[in-house]
Amino acid sequence: MNRFQNIDWDRLYKLLRVVAAGIVRRARIGDAIDSFSAEDLVTEIMDAFFTSSNGLGWSEEKGSIEALLCGVLKKKAIDHLRRQKHVAGSLDDAFGKVAQAGKPRAAAPERARVDIKARLYELVRGDKDLEDLLAATELLSGGHNVNQELGELLNKTPKQVSNLKQRLLLIDGVKELYAERQVAQRRT
Amino acid sequence: MPNDRLPNDEPDMLDKLFGDPASLSDEDLDLLYDVVAPGEDPLAAIHQMAENAAVAYRKRNQVPPDQVQAALDATRHINSLDQASPSKLRQIVDKLKAPVRGPVSDPAFSYRNRAGELNDSDQAVIDELTEELKEDWEEESGE
Chain A
0 MNRFQNIDWD
10 RLYKLLRVVA
20 AGIVRRARIG
30 DAIDSFSAED
40 LVTEIMDAFF
50 TSSNGLGWSE
60 EKGSIEALLC
70 GVLKKKAIDH
80 LRRQKHVAGS
90 LDDAFGKVAQ
100 AGKPRAAAPE
110 RARVDIKARL
120 YELVRGDKDL
130 EDLLAATELL
140 SGGHNVNQEL
150 GELLNKTPKQ
160 VSNLKQRLLL
170 IDGVKELYAE
180 RQVAQRRT
Chain B
0 MPNDRLPNDE
10 PDMLDKLFGD
20 PASLSDEDLD
30 LLYDVVAPGE
40 DPLAAIHQMA
50 ENAAVAYRKR
60 NQVPPDQVQA
70 ALDATRHINS
80 LDQASPSKLR
90 QIVDKLKAPV
100 RGPVSDPAFS
110 YRNRAGELND
120 SDQAVIDELT
130 EELKEDWEEE
140 SGE
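Protein chains in written order, with numbering that gives the first Met the number 0: chain A, 0 to 187; chain B, 0 to 142.
Rather than coming from a laboratory, the hints here were simulated on the basis of the structure.
The C-beta atom is built at its ideal place from N, Cα and C for all residues, glycine as well.
Accuracy of the hints is not assured; some may be wrong.
Here are the in silico distance ranges between beta carbons for each label pair [to be verified]: (1) B:E138 <-> A:Q159: 41 to 47 Å; (2) A:A47 <-> B:L95: 31 to 37 Å; (3) A:S52 <-> B:D25: 16 to 22 Å; (4) A:Q159 <-> B:A97: 21 to 27 Å.
Taking lysine to aspartate or glutamate and the DMTMM-like style, the derived pairs with C-alpha atoms no more than 20 Å apart in a straight line are [claimed, not checked]: (5) B:K94 <-> A:D9; (6) B:K87 <-> A:D9; (7) A:K75 <-> A:D39; (8) B:K15 <-> A:E130; (9) A:K174 <-> B:E26; (10) A:K158 <-> B:D29; (11) A:K174 <-> B:D40; (12) B:K15 <-> A:E121; (13) B:K15 <-> A:D46; (14) A:K158 <-> B:D25; (15) A:K73 <-> B:D19; (16) A:K155 <-> B:E39; (17) A:K61 <-> B:D65; (18) B:K94 <-> A:D7; (19) A:K158 <-> B:D19; (20) B:K15 <-> A:E151; (21) B:K15 <-> A:E175; (22) B:K15 <-> A:D131; (23) B:K87 <-> A:D7; (24) B:K58 <-> A:D46; (25) A:K174 <-> B:E39; (26) B:K15 <-> A:D128; (27) B:K96 <-> A:D9; (28) A:K174 <-> B:D29; (29) A:K73 <-> B:D14; (30) B:K96 <-> A:D7; (31) A:K174 <-> B:D25; (32) A:K174 <-> B:D33; (33) B:K15 <-> A:E137; (34) A:K74 <-> B:D19; (35) A:K158 <-> B:D33; (36) A:K158 <-> B:D14; (37) B:K15 <-> A:D114; (38) A:K174 <-> B:D19; (39) B:K94 <-> B:D40; (40) A:K158 <-> B:E26.
Here chain B stands alone, though its shape is the one from the complex (with noise of 0.2 Å):
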């Protein structure tokens, strides 16, 4: 019977440290990417792949399956929000929005991204950002 085991499976050290790939964050698979890959763009390495099995359809009069062309439309280098599938700008849109995490420079956006209830503190600082905001944009309109 075939030994599907690989030899030496047993987790070592390093492995316990960071525990299961897949259940990492993206900072830490960030931080493991980068002393394993240093200096490896991820796009445009699954971009050449992608781009190579579909140049290798297209010489067979085939055309490309749906996950090349996906790997192609995430991966193409975009230089203006013009060119950028729907798809693309979700991602862009979801990131923007998504929570900061760490300390932030703008106190209004950290409040807005928290999960809890704001307290009356929390409250008049909004407030008086979004006064200090209309000022802003009245002095603006009335330019």
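Just chain A, with the same shape it has in the complex (with noise of 0.2 Å):
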């Protein structure tokens, strides 16, 4: 039996670029790493598991595939900050030199974290549900049911707090933050 016949493939590929996504927005704001965007990223992965003879050596019993394959995915972002540093800096320093090459300005992990939220508040003003969805999110504890937790600090339930995201998302500004649609469009 082959045992990979029962990969969600839709799934893990979906799974795959929106965590590419978050390496990359939070590795460097509006930039790919080492000019590599998520969907490059995603692509060297899959490709890493294609050309390996044992699928990487994967298992049902070792783990689900899909977290196998977020922490490759993980470790090549590593690689290519690595790679990075070798021309521009210190990995340490990732957002010291490295960010200011071909950057109009440096973004600092705090810095860039800040960015986000303020940017976040700014884009949602006057919308007092998305303003308080995004307030409640500061107090959260970081665990796994986020919507579960959203609902009972905004007195909602989680498909109220699904759809409350939802409607974030569909605002512009919002996109581009979440997508780092600024590689997309510099690479085409």
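Relying on the hints, combine the two individually framed chains into one complex.
Dropping the structure here:
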């Protein structure tokens, strides 16, 4: 029996793309890592998986394929940053010299997080529900069931929270923040 | 010692808002995927990468490994169910059998998939629909 036949490829690919977008977003605001976009990272991981004679040694007993490939994705991102370090500075200083290379301004980790938060609040200003959603997000404990936790804070059902997030993502500026759309624009 | 952490690895506000992607429901994952890769067909992307890998193996006179074959089988464009593999058919059946989330137009369907006990009112609706269905079948078989 082929142990890979029950993989949900659709979910796996979507998950890797979303995780990669998050890594690229956190690594550098508005740019790709080492000129690699989130899409490139996912392609690299899937190529590694397909060209490995044993599928990177995965079996169900070792955990989910999603966990394995997300781990590999993170390692590849680190490799790219290391390579970048040789060109532009220390990995620990990835938001110093490296971030300045080809960038209009440096984005320190703290600054980047504050930027995202400030930009989100700016984008939803005037929409009380979305402002409340962001405020509640700041109170999250970091548990697994985010919609449940947000629902309890906002007195809404998880489904209503999900709908609010959908509304948030319909805002163009938010989409760009989440998706690192600047990368796509630069590459096309 | 090599640094094995990504700089700025702490979750930002968007990460906190959506949580761990691995724990996302299919619905929320679809939502985020549409934002990061609008219009991109995930199965087509997987198929293309698996196809490229398969071609490389064949050029070396090697049989593609199981994961490549599984990806190709699962993402092959299917025009009719005759061509579908048993695993694909199982996936289709599983999806059809899965409970419907959200409002449904057919009350009997939602009752059939509900977890709790049926009350008298639920049972009456199902009995009524069953009778209706029987009558329809009898009419059809009588024609």
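Hint check:
{"no.": "1", "hint": "B:E138 <-> A:Q159: 41 to 47 Å", "in the structure": "holds (44 Å)"}
{"no.": "2", "hint": "A:A47 <-> B:L95: 31 to 37 Å", "in the structure": "holds (35 Å)"}
{"no.": "3", "hint": "A:S52 <-> B:D25: 16 to 22 Å", "in the structure": "violated (31 Å)"}
{"no.": "4", "hint": "A:Q159 <-> B:A97: 21 to 27 Å", "in the structure": "holds (22 Å)"}
{"no.": "5", "hint": "B:K94 <-> A:D9", "in the structure": "holds (13 Å)"}
{"no.": "6", "hint": "B:K87 <-> A:D9", "in the structure": "holds (13 Å)"}
{"no.": "7", "hint": "A:K75 <-> A:D39", "in the structure": "holds (11 Å)"}
{"no.": "8", "hint": "B:K15 <-> A:E130", "in the structure": "holds (15 Å)"}
{"no.": "9", "hint": "A:K174 <-> B:E26", "in the structure": "holds (17 Å)"}
{"no.": "10", "hint": "A:K158 <-> B:D29", "in the structure": "holds (15 Å)"}
{"no.": "11", "hint": "A:K174 <-> B:D40", "in the structure": "holds (19 Å)"}
{"no.": "12", "hint": "B:K15 <-> A:E121", "in the structure": "holds (18 Å)"}
{"no.": "13", "hint": "B:K15 <-> A:D46", "in the structure": "violated (30 Å)"}
{"no.": "14", "hint": "A:K158 <-> B:D25", "in the structure": "holds (13 Å)"}
{"no.": "15", "hint": "A:K73 <-> B:D19", "in the structure": "holds (14 Å)"}
{"no.": "16", "hint": "A:K155 <-> B:E39", "in the structure": "violated (32 Å)"}
{"no.": "17", "hint": "A:K61 <-> B:D65", "in the structure": "holds (17 Å)"}
{"no.": "18", "hint": "B:K94 <-> A:D7", "in the structure": "holds (12 Å)"}
{"no.": "19", "hint": "A:K158 <-> B:D19", "in the structure": "holds (17 Å)"}
{"no.": "20", "hint": "B:K15 <-> A:E151", "in the structure": "holds (16 Å)"}
{"no.": "21", "hint": "B:K15 <-> A:E175", "in the structure": "holds (17 Å)"}
{"no.": "22", "hint": "B:K15 <-> A:D131", "in the structure": "holds (14 Å)"}
{"no.": "23", "hint": "B:K87 <-> A:D7", "in the structure": "holds (11 Å)"}
{"no.": "24", "hint": "B:K58 <-> A:D46", "in the structure": "holds (16 Å)"}
{"no.": "25", "hint": "A:K174 <-> B:E39", "in the structure": "holds (16 Å)"}
{"no.": "26", "hint": "B:K15 <-> A:D128", "in the structure": "holds (17 Å)"}
{"no.": "27", "hint": "B:K96 <-> A:D9", "in the structure": "holds (19 Å)"}
{"no.": "28", "hint": "A:K174 <-> B:D29", "in the structure": "holds (14 Å)"}
{"no.": "29", "hint": "A:K73 <-> B:D14", "in the structure": "holds (15 Å)"}
{"no.": "30", "hint": "B:K96 <-> A:D7", "in the structure": "holds (17 Å)"}
{"no.": "31", "hint": "A:K174 <-> B:D25", "in the structure": "holds (19 Å)"}
{"no.": "32", "hint": "A:K174 <-> B:D33", "in the structure": "holds (10 Å)"}
{"no.": "33", "hint": "B:K15 <-> A:E137", "in the structure": "holds (8 Å)"}
{"no.": "34", "hint": "A:K74 <-> B:D19", "in the structure": "holds (18 Å)"}
{"no.": "35", "hint": "A:K158 <-> B:D33", "in the structure": "holds (18 Å)"}
{"no.": "36", "hint": "A:K158 <-> B:D14", "in the structure": "holds (19 Å)"}
{"no.": "37", "hint": "B:K15 <-> A:D114", "in the structure": "holds (15 Å)"}
{"no.": "38", "hint": "A:K174 <-> B:D19", "in the structure": "holds (18 Å)"}
{"no.": "39", "hint": "B:K94 <-> B:D40", "in the structure": "holds (19 Å)"}
{"no.": "40", "hint": "A:K158 <-> B:E26", "in the structure": "holds (10 Å)"}
Of the numbered hints given earlier, the model fails hints 3, 13, 16; all others are met.
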